[in-house]
Amino acid sequence: MADYDIPTLKEEIDRETVEQVLALDVDKYKYGFESDIESDVLPPGLTEETVRFISAKKEEPEWMLEWRLDAFRRFQTLEEPTWAKLHYPKIDLQEVSFYAAPKSFKGPKSLADVDPELLKTYEKLGIPLKEQAILAGVEGAAESVGTPFGANVAVDAVFDSVSVVTTFREELAKVGIIFCSISEAVREHPELVKKYLGSVVPVSDNYYATLNSAVFTDGSFVYIPKGVRCPMELSTYFRINEKKTGQFERTLIIADDDSYVSYLEGCTAPSRDENQLHAAVVELVALDNAEIKYSTVQNWYPGDKDGKGGIYNFVTKRGDCRGVNSHISWTQVETGSAITWKYPSCILRGDGSRGEFYSIAISNGYQQVDSGTKMIHLGKNTSSRIISKGIAAGFSDNTYRGQVSAHAKAKNARNFTQCDSLLIGDKCGAHTVPYIESRNGTAVFEHEATTSKISDDQMFYCLQRGLNEEEAVALIVNGFVRDVLQHLPMEFMVETQKLISISLEGSVG
Amino acid sequence: MRPAFPVRLGAAEETLIAQLKAAGADQVAERVTVAGLPTRRVEAYHYTDLKTLLRTVPPLAQPANEATGTAIRVPGAYALSIVNGVVQHAATAPEGVIVGKTHGGVLTHRDDTLVGISNGLTKEALSLDLRGTIDQVIQIDHRIEGEAGHVADATKIFVADDSSVVILETFSGSDAAHVGNHASYLALGKNAIVTHVTVDLGSRATAHFATNEYHLAEGAQLRTLVVHAGSGLARTHLFPRMEGAGAHADVTGLNLVSEGQHSDITMETTHAVPHTSSQPLFKSITRGRSKAVVQGKLIVARDAQKTDAKFMHQGLMLSDDAEILSKPELEIYADDVVCGHGSTCGKLDEDSLFYLLSRGIPKAEAETMLVRGFIAELIDPIEDEALNEALQGIVDGWLLGQ
Amino acid sequence: MTTPVLEIRNLHARIEEREILKGVNLVIPQGEVHAIMGRNGSGKSTLSYVLAGKEDYEVTEGEILLNGVSILEMEPDERAAAGLFLAFQYPIEIPGVATMTFLKAAINAQRKARGEGELSTPDFMRAVKEAGAQLNVDSEMLKRPLNVGFSGGEKKRAEIMQMALLKPSLAVLDETDSGLDIDALQVVSKGVNALRDGKRSMLVITHYQRLLNHIVPDVVHVFSDGRIVESGDKDLALQLEAKGYADYDGQAA
Chain X
1 MADYDIPTLK EEIDRETVEQ VLALDVDKYK YGFESDIESD VLPPGLTEET
51 VRFISAKKEE PEWMLEWRLD AFRRFQTLEE PTWAKLHYPK IDLQEVSFYA
101 APKSFKGPKS LADVDPELLK TYEKLGIPLK EQAILAGVEG AAESVGTPFG
151 ANVAVDAVFD SVSVVTTFRE ELAKVGIIFC SISEAVREHP ELVKKYLGSV
201 VPVSDNYYAT LNSAVFTDGS FVYIPKGVRC PMELSTYFRI NEKKTGQFER
251 TLIIADDDSY VSYLEGCTAP SRDENQLHAA VVELVALDNA EIKYSTVQNW
301 YPGDKDGKGG IYNFVTKRGD CRGVNSHISW TQVETGSAIT WKYPSCILRG
351 DGSRGEFYSI AISNGYQQVD SGTKMIHLGK NTSSRIISKG IAAGFSDNTY
401 RGQVSAHAKA KNARNFTQCD SLLIGDKCGA HTVPYIESRN GTAVFEHEAT
451 TSKISDDQMF YCLQRGLNEE EAVALIVNGF VRDVLQHLPM EFMVETQKLI
501 SISLEGSVG
Chain C
1001 MRPAFPVRLG AAEETLIAQL KAAGADQVAE RVTVAGLPTR RVEAYHYTDL
1051 KTLLRTVPPL AQPANEATGT AIRVPGAYAL SIVNGVVQHA ATAPEGVIVG
1101 KTHGGVLTHR DDTLVGISNG LTKEALSLDL RGTIDQVIQI DHRIEGEAGH
1151 VADATKIFVA DDSSVVILET FSGSDAAHVG NHASYLALGK NAIVTHVTVD
1201 LGSRATAHFA TNEYHLAEGA QLRTLVVHAG SGLARTHLFP RMEGAGAHAD
1251 VTGLNLVSEG QHSDITMETT HAVPHTSSQP LFKSITRGRS KAVVQGKLIV
1301 ARDAQKTDAK FMHQGLMLSD DAEILSKPEL EIYADDVVCG HGSTCGKLDE
1351 DSLFYLLSRG IPKAEAETML VRGFIAELID PIEDEALNEA LQGIVDGWLL
1401 GQ
Chain E
2001 MTTPVLEIRN LHARIEEREI LKGVNLVIPQ GEVHAIMGRN GSGKSTLSYV
2051 LAGKEDYEVT EGEILLNGVS ILEMEPDERA AAGLFLAFQY PIEIPGVATM
2101 TFLKAAINAQ RKARGEGELS TPDFMRAVKE AGAQLNVDSE MLKRPLNVGF
2151 SGGEKKRAEI MQMALLKPSL AVLDETDSGL DIDALQVVSK GVNALRDGKR
2201 SMLVITHYQR LLNHIVPDVV HVFSDGRIVE SGDKDLALQL EAKGYADYDG
2251 QAA
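Note that the protein sequences, when read in sequence, are chains X, C and E. Just so it is clear: in the first sequence, position 165 is 165 by our numbering, and no numbers are missing. Just so it is clear: in the second sequence, position 25 is 1025 by our numbering, and no numbers are missing. Just so it is clear: in the third sequence, position 58 is 2058 by our numbering, and no numbers are missing.
Hints listed in this document are in silico derivations from the structure and should not be mistaken for laboratory results. Only a predicted model underlies this, so the values are computations on that prediction, with no experimental measurement involved. Positions of the beta carbon are idealized from the N, C-alpha and C atoms, including for glycine. Where hints are given, some of them may not hold.
[To be verified] Covered stretches of chain C, going by a simulated chain X footprint (3 or more residues, C-beta under 8 Å):
{"#": "1", "segment": "1315–1326"}
{"#": "2", "segment": "1330–1344"}
[To be verified] Here are the simulated DMTMM-like pairs of lysine to aspartate or glutamate, each with C-alpha atoms no more than 20 Å apart in a straight line:
{"#": "3", "chain 1": "C", "residue 1": "Lys1347", "chain 2": "X", "residue 2": "Glu470"}
{"#": "4", "chain 1": "E", "residue 1": "Lys2054", "chain 2": "X", "residue 2": "Glu471"}
{"#": "5", "chain 1": "E", "residue 1": "Lys2054", "chain 2": "X", "residue 2": "Asp457"}
{"#": "6", "chain 1": "E", "residue 1": "Lys2112", "chain 2": "X", "residue 2": "Glu470"}
{"#": "7", "chain 1": "C", "residue 1": "Lys1306", "chain 2": "X", "residue 2": "Glu66"}
{"#": "8", "chain 1": "C", "residue 1": "Lys1306", "chain 2": "X", "residue 2": "Asp456"}
{"#": "9", "chain 1": "X", "residue 1": "Lys194", "chain 2": "X", "residue 2": "Glu66"}
Based on the provided sequences and hints, a complete structural model is requested.
Below, the structure written as structure tokens:
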């Protein structure tokens, strides 16, 4: 396999960053490069044949095909929802290709079999797939490529429609943890997949989830056995590369009794003029006393300065606190995508279970964000906490939409919600739409929302101390989102702070 | 938006369509025919699904020329009345008050079925032109008398520049299953100071709908208080609009909801120009199996810089099986603003209750005391003593009655 | 003769339609400390904001030279990098931003603007520790968000500490004594005096004479109705304390 000179790559990334920053007015998206990798691409269009093709390509068992076809039939009866505060031309699914895979891809693989071009792509993104280097004890190998991930991270890399490599599998297998692509799980662990797939997000949950159920191509599968604390961060890195393709990944994470896992997700795509569709489904299941921490840094291509191009990101993420005292925590940093439609939620079914949602959503240019969470209290003594920080700049619209509801049987349900919006400039909009539903006299809910701008006094103070306007804005915004930042894994924090600065460039002056 | 398939129309809708057509309101009739009554999918009706809640609509009420009672009496008030939609003859008006009648509906056209029905069915409205400092409270008593009837009535009120007035509108009637669709349009001149209190004391069988529209010119100060304390189904939709710099509105409301009742206060405040403020404050108290809804949207227009607006809803649950549903909303397009909202929900504070009990106050009395304290913020600002007392009386009556 | 650190010539400035500075002339040579005293509303604080470049104020006439270079066209951050520091009367709170983070951002921004390299973390920590020790600013305080929840004394100490760290050639202290008890005043004054090194110049704006017992000025100016109406040595401050500002009322008209 190819031997990379890591420092050179690092320099290349730095140079590229500098160039991007300099060329801000033109295009400031650092991950906008396209990788020159030969691909198998399914011609655009969605029919029953498409579903059969994907299933066959994945060598799936009959039950999986049936599951997909059922979803496809239901999908045909559904209409695209219009309730979100989002405006975009109707997506013509017949224009979208539902399957694209690097040509070199030939099923389960070791790093040595991976196309060097592809590895290069991930290196460029700062994603360590070189477990040998890290395992061999080359200290800081991960750090030196400027990765957001520390050395102690296992990665599943999903390129267009397929998982290309999953690192650290053997290490994890030693403690009984299953970490692989969902396609592989369907073949190798059908009992787990059958039991849990669609058990949190039912097949016909909503328009996009139903579409995903019919055509999902790949994604990650995690199973943490009873009593195991996952020794490293697990992560999936999604990359859309092909033109006119949709990405429909499916992630399923199961934390069995008394287990713990922290999971990171990152995503990027090349800069393209046309819009691309991303409709993922993530299902989390936490059994008795289990804890799942799920962090996302979403940096899909947001479109250019005129609002051309960019990813349409319609994602269904839901966690089921199925066991007693289980705990699911969502942390998200949303900086990318032309359109974001995403509500990572928790079903607090188990007595004493706990749900958390920490979110930073930044919109600039012509981005539109409609995101938030749902906390559904079903069990007794359940609690939830929501901290959302929305920052709108440029011509963007940024909406927090959330639901907190306590079922009649959810005795002593507790929720605390804090939603803050910050407006930068007078051409953007910030909106807050919470649904607060208490159906139980013992429930106690507290919700607070504020909207403000960076005060002139704060700006002047920072400028007087020598910071320029962009530095001052970045600093103040990083302060504004601090309550959320501190819930990110250490590996993500620094990268996120930088990402915030980059996302807001060009928003002042 | 038109749904893809025509909706199935129920008895209530069939009656409404016939009534609207007979009144010549073909457009509204068409709207009801195509979309039906608003369901939970219509955001403003998310928690008050009229298609489910309003199964039948009685025939239009026969004109009546006499009220058999009144909701409340406020000593010293100048009383006017509208019975079954007919504006009654008025006693000699105090200085600065001109009482009149206008024909047809009073509400600004908007995308809302109840507004459409109000405008379509209202035959005449009571109009008031108010000028100067008017010390007497003006009470407009709306009554629905006799057999179950559907009534659309309205008031249209102009308050001149630099004038001040307190207006009370009360709603009540016989025990039949009435449907009342009431509209109030208030325009406040420059620096006008207006208090507008509306109280629903309809029967349990009644469905009470009210739409209140307010336009505030420069420096105008508005205080509203909506009290739902009667009808089985009550919904008041408030549309205050700040149209001049310095305008300020304290938009307040109280849902008092008992077994089997459903009360909804929905507000949409628009800050259309720079330098305006509003302070919406709503409270809901529920007991038995009941439902209270408060929705409050603050809209700040693109150029409405320096808007200062804070919405608050507090829910108090006196029973385990009640529901309090709240949807505060911010829709903000200007950056130099201070806007926010809060919503809390819970039961009586146990520490406070314990403190009172430990001082020897019996539980029921202690609870009453705390509930009164909870509501005080809404009632206290009503400065007219007689009106303040009357409102306190309604709250006490609700607390005593089960 | 060396170039004065600050030279203000016939400065006129207004906010919206109201003229506040009406012809200020002032020269502060290197190393000198000048005090400006005046009634509330005489325009003292406006002068400090105009020097620092707050955008609400419009300079309609005159010139400001910092070390011989006109700063009128400079943005506030450029003026800071050029060596001007303003200790705010009411330091601004910035939630979520640790004081330490802010200091590092400021010091490196100024170094960058001057074409100097970033300070290494150990060097920075050393500098902060040194500056902090003088002013009783401990590491606990540096971890807290900037000025958020600081007492009056803590805010002013933090301001002077920033000054020590940023090493300006001209420091403008705007009512630094306001809101301080006598102990805090001593700490702050000690910090300020430690920064008098014969090169750095200071402009101390105050309403009361008591601050000038601690920070002894070389020259005292009396400010009234938007301009300097009298200048003298430190004794002028004592006279003012005894007689008040009444003598100057109407003088400028």
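Discussion item. For lysine 2054 of chain E and aspartate 457 of chain X, compute the direct alpha-carbon distance and say whether it is at most 20 Å.
Written reply: With Cα atoms ~9 Å apart, lysine 2054 of chain E and aspartate 457 of chain X stay inside 20 Å; holds.
Worksheet item: Given the proposed pairing of lysine 2112 of chain E with glutamate 470 of chain X, does the C-alpha separation stay at or below 20 Å?
Response: holds, 14 Å
Worksheet item: Between lysine 2054 of chain E and glutamate 471 of chain X, does the CA-CA distance stay at or below 20 Å?
Response: holds, 18 Å
Worksheet item: Straight-line Cα separation of lysine 1347 of chain C and glutamate 470 of chain X no greater than 20 Å?
Response: violated, 47 Å
Fill in: Given pair status - aspartate 456 of chain X, lysine 1306 of chain C, alpha carbons within 20 Å
Given that 20 Å is the threshold and the Cα spacing comes to 13 Å, the pair holds.
Practice prompt. Decide if the proposed pair is consistent with the structure: lysine 194 of chain X and glutamate 66 of chain X, CA atoms, cutoff 20 Å inclusive.
Written response: holds, 12 Å
Discussion item. Between the segment 1315–1326 of chain C and chain X, are there enough contacts, at least three residues with CB-CB distance under 8 Å, for the coverage claim to hold?
Written reply: holds (count 11)
Worksheet entry | Coverage of the segment 1330–1344 of chain C by chain X (three or more Cβ within 8 Å) | Answer holds; 15 residues pass the 8 Å Cβ test.
Discussion item. Check whether the Cα positions of lysine 1306 of chain C and glutamate 66 of chain X lie no farther apart than 20 Å.
Written reply: Not OK: lysine 1306 of chain C and glutamate 66 of chain X at ~58 Å, beyond 20 Å, violated.
Consistency with the previously given hints fails for numbers 3 and 7, ordered from lowest to highest.
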